[in-house]
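2 protein chains.
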Amino acid sequence: MDDNQDMNKSFLETVKFDEKGLVPAIVQDHETGKVLMMAWMNRESLQMTLEKKRACYWSRSRKELWLKGESSGNMQVVRDILIDCDGDTLLLKVSQTGGACHVGYHSCFYRKVTENLTMEICDTLMFNPDEVYGKKS
Amino acid sequence: MDDNQDMNKSFLETVKFDEKGLVPAIVQDHETGKVLMMAWMNRESLQMTLEKKRACYWSRSRKELWLKGESSGNMQVVRDILIDCDGDTLLLKVSQTGGACHVGYHSCFYRKVTENLTMEICDTLMFNPDEVYGKKS
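Same order as they appear, the protein sequences are chains A and B.
Those letters in the first sequence? Residues 1 to 137, by the numbering used here.
Those letters in the second sequence? Residues 1001 to 1137, by the numbering used here.
Hints may be right or wrong, so weigh each one.
PhoX-like, lysine-lysine: derived pairs with alpha carbons at most 20 Å apart [said to hold, decoys possible]:
1) B/1093 with A/93
2) A/34 with B/1112
3) A/112 with B/1093
4) B/1112 with A/16
5) A/16 with B/1016
6) A/20 with B/1016
7) A/93 with B/1112
It is worth saying that the hints were derived from the structure and are not from the lab.
Construct all of the structure, not just a fragment, from the sequences and the given hints.
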C-alpha cells in the first residue's frame, strides 16, 4: 500500500504538496454537484480553510493568500473536504455565494467544447465583473 | 479581456498547458455529477481523447500515454469537455465503467476529512485491485 493511502495517518500528513508546495483543490457545489472551479492551496491556505471553514487559496498570479470572496463577496463556505488516493488532489464541497468565476459566471467551466472544436457558453452569468472588481483601464 | 477567454479562438488554441506541457483534467460522472478523479493530459492525450471520445491521460509516474481502462477495463466514455476561464483546467463529463480509482473505489475521492482531522471512507469499493491489476509482490 502506498503511504498516501494509509488511513492511520492524519489528513494533514496525507496531503502531498508538489515541488512548489501546492496542491490542487477542485471546488464543487455541495448540493447540486456542479464543479465551480479549481484553485491551488499551500499549507497555510489549507490550514486557514480548515480553521475558518471558508475556502482560502494560494494565488499563483498574485503570489499571496486569497480568501475567496474577500473582494467580490462571492465566498465559499466549506461543507466537506475529500482527498484522493494519491493524496495530491483535494475536493472541496462548498456553499457558493453568487458566482465563483471572476468573469462573472456561476462556474469557471462556463465553456463547452463543440463537435467542430469551437466553444459555446453553457453557464449562467451571475454578475458584471466591472461592477464587482472595478473596471480595468 | 484575457486571451484565454476569447470565444473566437478554437478550443485547442485556448488550452494552456503548463511548463511541463500538461493540463489538469477533472473527471465527473455525467449523470450524477460525482467527481471521480483528476488526471493530467498533454497535447497528444487530449487529441486522442477528442478523437476516440475515450479519456486518455499522460501518466506522470509512468511517463507514458494512458488510455484509461486499458488494463483495468474501467474505461471512461467522454460525453462533454469543458474548459475554465483561464484555459488551464479541463472538466470531463464521462460515463465510467466500474470504479475510477486504482485502489478499487468508485471515485479516487473516497476519503473525507473528519472534524478532528482524521479521515473516513465515504465511497463504495467496486473491485479488488489485486484481481484487476495483479497482486504486487
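So, going through the hints one by one against the coordinates:
{"no.": "1", "hint": "B/1093 with A/93", "in the structure": "holds, 18 Å"}
{"no.": "2", "hint": "A/34 with B/1112", "in the structure": "holds, 18 Å"}
{"no.": "3", "hint": "A/112 with B/1093", "in the structure": "holds, 11 Å"}
{"no.": "4", "hint": "B/1112 with A/16", "in the structure": "holds, 16 Å"}
{"no.": "5", "hint": "A/16 with B/1016", "in the structure": "violated, 24 Å"}
{"no.": "6", "hint": "A/20 with B/1016", "in the structure": "holds, 19 Å"}
{"no.": "7", "hint": "A/93 with B/1112", "in the structure": "holds, 11 Å"}
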